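2 protein chains.
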Amino acid sequence: METSRVKPGLNGVEGQKEATQAAGKPLGLVGEALRAFALALTLVAAVVMGLDKQTTTVPFQVVPTLPPLQVAVTAKWSHSSAFKYFVVANALVCIYSALSLLASLLTSARKKNLSLAVPIAIGDLIMVAVLFSTIGASMDFGLLGMHGNSHLRWNKVCNVYGKFCEKAIVAIALSSIGALVFFGLVVLSIISLHKRSK
Amino acid sequence: METSRVKPGLNGVEGQKEATQAAGKPLGLVGEALRAFALALTLVAAVVMGLDKQTTTVPFQVVPTLPPLQVAVTAKWSHSSAFKYFVVANALVCIYSALSLLASLLTSARKKNLSLAVPIAIGDLIMVAVLFSTIGASMDFGLLGMHGNSHLRWNKVCNVYGKFCEKAIVAIALSSIGALVFFGLVVLSIISLHKRSK
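For the record, the sequence lines run as chains A and B.
In terms of the working numbering, the numbers along the first sequence are unbroken and rise by one, the last being 202.
In terms of the working numbering, the numbers along the second sequence are unbroken and rise by one, the last being 202.
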C-alpha cells in the first residue's frame with residue numbers, strides 16, 4: 005500500500021510527483037497478488053461448475069407387481085438458473101480480474117499518472133455485489149438440493165446426484181473465497197485512500 | 005460531501021481543524037439522508053416478508069371416482085431458508101442503518117474529531133455483501149416458486165400462493181433498492197476519500 009505523501013520543503017516537486025503516482029496506482033504489489041488469486045479462484049469456480057454433470061440411474065416403478073425399471077437421469081449445471089448465473093458471473097469476474105491486474109501492472113511499469121484508484125475500487129465493489137448475489141442464489145439452490153422443501157413437496161436430489169452436488173459445493177466454496185478477496189481489496193482501497201487523505 | 009482541505013498560509017490552525025473534522029464525518033447530509041432511506045427500505049422489506057403468509061385450498065384427489073377434497077394449505081416465509089435469511093439480514097441491516105445514522109448525526113452535532121469515515125465505509129461494505137447475498141438467495145427461491153424446475157420435478161407454487169408470491173416480490177424489490185443505496189454510500193465514501201487525498 006502506498007502511504008507516501010508530499011513532505012513540504014523536502015524536494016517539493018519530486019515529492020508531489022511521487023504522491024500523484026501513488027494516488028494513481030491501485031494498491032501496489034499486495035493488490036496485484038490478490039487480483040491474481042481472485043482470477044484463479046473465479047476461473048476454477050466457473051470451470052468446475054461449467055463442467056458439472058452427472059448421469060445416474062434411478063428405479064422407476066411402472067407396475068407394482070413387477071420389479072422397478074432402471075431409468076437414466078442426468079443432472080447438469082444448466083438445469084438451474086442459479087448455477088447458470090454462477091458460471092456467467094464467475095467468468096465475468098475472472099475477465100475483470102485479468103483486466104484490472106493488467107491495468108495495475110501497466111500503471112506500475114509506465115509510472116504514468118493514471119488515476120486508477122477510484123475506478124478500480126468501484127470495479128472491485130461491483131465484483132463484491134455480483135459474487136455475493138450469485139453465491140446467495142447458488143447456496144439457496146444447493147440447500148434445496150440437499151434437503152428439499154417438505155412444505156412445497158420439493159424432494160431433495162443430492163442423495164441421487166451425490167457427485168454433482170459435491171462439485172457444486174467446491175465451486176461455490178472457491179467463488180466465496182474470491183468474493184472475500186474482492187471484499188478485502190475494497191477494504192484496502194478505503195484504508196489506503198484514508199491514509200493518503202491524512 | 006466534505007472536500008475542504010488545509011489551505012496553507014490561510015489561517016492554518018483553523019483550516020487544519022476543519023479538515024480533521026471533515027475527515028471524521030462520514031459523508032454529511034447526503035450520507036445521512038441515504039442512511040435514513042436505507043433504514044426505511046430494509047425495515048419495510050423485513051416486515052412485509054416477516055408477515056407474509058397465505059392460506060388457500062387446493063383440490064386433493066383421494067379416490068378417482070369421487071370429486072376431489074378441498075384441502076387447506078399454508079405458505080409462510082419461515083418455510084424457506086432463503087426467506088428466513090432475508091428477514092434476519094434485512095432486520096440486521098436496518099439496525100446497522102439506525103446506529104450508523106446516529107453515529108453520523110452525533111459526529112456532526114458534537115463537532116468532535118471522531119474518525120468514523122473508515123469504519124462506516126467498511127460497515128456499509130458489509131451491508132452490500134449481506135444484502136446482495138440475501139437478494140440472490142431470495143430471488144432464486146422466488147424464481148423456483150414461479151417457474152418450478154422440471155428437471156428435478158419441483159412444481160411451481162406461485163399459481164397456488166399468488167398473494168404470498170406478490171408480497172415476497174415487493175419485499176425483495178425494496179431490499180434491492182436498499183442494497184443499491186448501500187452500494188452508493190460506499191461509492192460516495194471512496195470518491196470523498198479520494199478527493200481529500202488529492
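What the hints contain is simulated information worked out from the structure, not anything from laboratory work.
Worth double-checking, as some hints may not be accurate.
The list treats identical chains as interchangeable, and a pair is accepted whether it falls inside one copy or across any two copies.
Derived DSS-like pairs (lysine-lysine); straight-line CA-CA distance at most 30 Å [said to hold, decoys possible]:
| hint | residue 1 | residue 2 |
| --- | --- | --- |
| 1 | K199 | K167 |
| 2 | K160 | K88 |
| 3 | K199 | K88 |
| 4 | K80 | K160 |
| 5 | K160 | K171 |
| 6 | K202 | K88 |
| 7 | K57 | K171 |
| 8 | K160 | K57 |
| 9 | K171 | K202 |
| 10 | K88 | K167 |
| 11 | K80 | K199 |
| 12 | K57 | K167 |
| 13 | K171 | K88 |
Keep in mind it's a predicted model, so treat the numbers as computed, not measured.
(message) Name the hints, by number, that the structure is in violation of.
(response) Those not satisfied are hints 1, 3, 6, 9, 11.
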